[in-house]
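Colleague: This is what each chain is made of:
Number of protein chains: 2
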Amino acid sequence: MDAAQEAHNREAFRQAVVNTLERRLFYVPSFKIYRGVAGLYDYGPPGCAVKSNVLAFWRQHFVLEENMLEVDCPCVTPEIVLKASGHVDKFTDLMVKDEKTGTCYRADHLLKDYCKDKLEKDPNLSAEKAAELRHVLAVLDDLSAEELGAKIKSYGITAPDTKNSLSDPYPFNLMFQTSIGPSGLSPGYMRPETAQGIFVNFKDLYYYNGNKLPFAAAQIGQAFRNEISPRQGLLRVREFTLAEIEHFVDPDDKSHPKFSEVASLEFLMFPREDQVSGRAARRIPIGEAVTQGIVNNETLGYFIGRVYLFLTELGIDKDRLRFRQHLANEMAHYAADCWDAEIECSYGWIECVGIADRSAYDLRAHTDKSGVPLVAHEKYPEPKEVEKLVIAPVKKELGLAFKGNQRMVVEALEAMGEEEAMEMKATLETKGTSIGKRYARTDELGVPFAITVDSTSSVTVRERDSKQQIRVNVDEVASVVKEVTDGVSTWADVLWRYPTHSS
Amino acid sequence: MDAAQEAHNREAFRQAVVNTLERRLFYVPSFKIYRGVAGLYDYGPPGCAVKSNVLAFWRQHFVLEENMLEVDCPCVTPEIVLKASGHVDKFTDLMVKDEKTGTCYRADHLLKDYCKDKLEKDPNLSAEKAAELRHVLAVLDDLSAEELGAKIKSYGITAPDTKNSLSDPYPFNLMFQTSIGPSGLSPGYMRPETAQGIFVNFKDLYYYNGNKLPFAAAQIGQAFRNEISPRQGLLRVREFTLAEIEHFVDPDDKSHPKFSEVASLEFLMFPREDQVSGRAARRIPIGEAVTQGIVNNETLGYFIGRVYLFLTELGIDKDRLRFRQHLANEMAHYAADCWDAEIECSYGWIECVGIADRSAYDLRAHTDKSGVPLVAHEKYPEPKEVEKLVIAPVKKELGLAFKGNQRMVVEALEAMGEEEAMEMKATLETKGTSIGKRYARTDELGVPFAITVDSTSSVTVRERDSKQQIRVNVDEVASVVKEVTDGVSTWADVLWRYPTHSS
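Residue numbers (the working numbering), protein chains in the order written: chain A, 59 to 561; chain B, 59 to 561.
Just to be clear, a hint being listed does not mean it is correct.
Heads up, the list lumps identical chains together, so a pair's fine if it works in one copy or across two of them.
Here are the simulated BS3-like pairs of lysine-lysine, each with C-alpha atoms no more than 25 Å apart in a straight line [stated by the list, open to error]:
1. K90 x K270
2. K90 x K261
3. K187 x K221
Simulated from the structure, these hints should not be mistaken for laboratory data.
Chain A with its partners taken away, still in its complex shape:
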């Protein structure tokens, strides 16, 4: 089968799938009765069901299993935020205009289509010319406005619809612009990604995490990109739901405590060097990829592994899934290293997930612009904070409590081994102020039942509103809590059934 026939078959297959999906309202072009708007689609009932299941699984797999901090920020974003992040200046594509009708095209798309078309369909193409066109395709993302313009001129590329001549390429910002408030003086944009909402909240999230690294924050929400020429169905659209994670890590220690859980996963990887030297993607265990330095560090490797699990559990065919490292020239303005999960479909290998090491690009940018330092503090290499058990009896309090036996108690405490002391500490804390503080904290959050593990066989269940506590077997606790939260029993019912436990 030659390339043209193959392309034809792919197109026929795609059309059959698209027709079915549209007929069954998985998705339809938006505002169809008004002849639609390119790049905007509606999900119908089965599409909504799929989307809602995928998002629920995403939240379960990433946010809940990894204890990430979820945030939910507005789409409307003031200019200053996106000026700081670089989007106002750099989030652009090069555009050309039909000089007579004003119709706009993406300059690189026109050049790409021209080269592919020539290579596929021109039987008289010289070997030399073919090599040149292939080279253009390879460096397409690298071309400046001037270089793109020169190629378009020298190949005589015209507007596809009218054959009119084209303007020189110029940058077009892909953000939807708007104005916030009634004065008309506060420019804003619809966010092109959800990540900036996480970065500007870094300080609060870091505090929420007890001023400790690493931690991850996640956000699910709409993103908006005013594409010059939307195409490829749902693949390049002007509005879409993004699910993003930003994992903040000590730049000097990118190890990950759970890396061993994914290290043996083996899947198709396509490192930068292999792409440049023309090799094919190959199966590499992610643990080996990190050891060999193909993937820079454990944290990056861990998330590549987790994304692999997420996608294959969703049902993506392992043989049509690969992780491709970005070439130096294709990385976004903020990225230090980037791996895309690509899925092979009728359009070829398509990026579906991007896993980028953005370094501290964004935090630094917002620190500079806002004057608010978005930094994490760790004193190292020396002195280092180490958790260490020190038994330091407070003699005055022990004297009040134990009177004549004080000395004996102090001596016993000082003689205790670390393990024994930890056990006693745990016991005391279930009764002491420390646990009280914890209860106060969860009360404030609205957690209705707090469970404290007393021993390997029993736990204390505490109800928020009454502050009453009962002691329950470990085996029974899940069903007791479920019973009460489902409304099958009341707290009074279980209170009657189990021994109460005073704190």
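Use these hints to put chain B onto chain A, whose structure you have.
Modeller: Chain B only, in chain A's frame:
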């Protein structure tokens, strides 16, 4: 306790709650490091958890339990859609500007604040003047731009921050405007409500529902309103998540088959007449409210009941919840009747859910603008479509199947009672083409297991990919399907355990 003291206490209580919520990152002002933007808020981790639980419960309570058709449309909306819906021309508030600084205010807010302040704090207010101010408050929503302007002038109201004089009131459109595509020639707006996405899809959804009324469509998504002066914390913000339902019903038959399930619910209602005549809200069973014509019809009543159940199951105090009917002057431009679920909080009684009979306003508007008829067909009053069992043996086919026994079979069929015939029909359909077509339809949707009820004790389970069927006891079917979908067993495992069943 006098009014001023009460207001002070309410404010102190609110501040304490707000401080806790912000400190625990339930929500925080967005873009805080850039000093924020009025009316935009972020949800932090506990806020996201609450929001996600509420939305999941909403989807369960309304969409899934009522078999609604869920859709998911873009926020970016072309002008023509919102021109047709009336939002471009009528979705406005009256605004005044500080004549020196240009700061904008909502005209009705300034007048309202002035009247309330005078009534609460001016000890020298004459009875006559007080009555006048109370009248102004009552008709506030009714005042034209000219009337508002005249009041502001005659009371000498100035800009709150500077005491500068104010401009005349003029309408300000509350939609965020943008431009779609690179040409700059296609104006668009961020949707102010999600309902329009449902209306423009009416034709497809009606078809999806088998061209039958009634049906309901639902959407959860972001909505955007460029408020002139956002206030009251999360209550009047510039971007928020809306969950909307549009229920399409025969205008001549607004009965609801499940109305009896809610009819005995009794809760605080505040009909229009009671408001006008100065009576208080009172407890009325919703069934009675419909019978007495206080609520116009069963469908409206049914949804009021369902909203009541939704809110109280979420934990809203029954005594702080009432359903208030809109006065004629306060209804939105599209509404024929409207009931708000209002919750009493520190700001007074606040609208939380609006339940409006929009008549066919929107469908008619989009039909006119687009030229695509958004209508449902039902022939009535006569002839009417009635499902009736008619036994009509196809003699030719029976002859081929039963040869010499044909006549006996035909006679037996014709002699069958209705019940007996229905039973036979059900049995045949599990084997006939009708069930086959249904399988084809669910196969296309991707439903992995189809269950057909064979009798009161056993069902057929059919696996999509293999098309194999097994017969399973009713008691066991749920656990069998769960086993396979959870991956505990494979289809091959259960195929081995249960008798196969050929269709």
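Colleague: Output the indices of the hints that this structure fails to meet, ascending.
Modeller: Every hint satisfied by this model.
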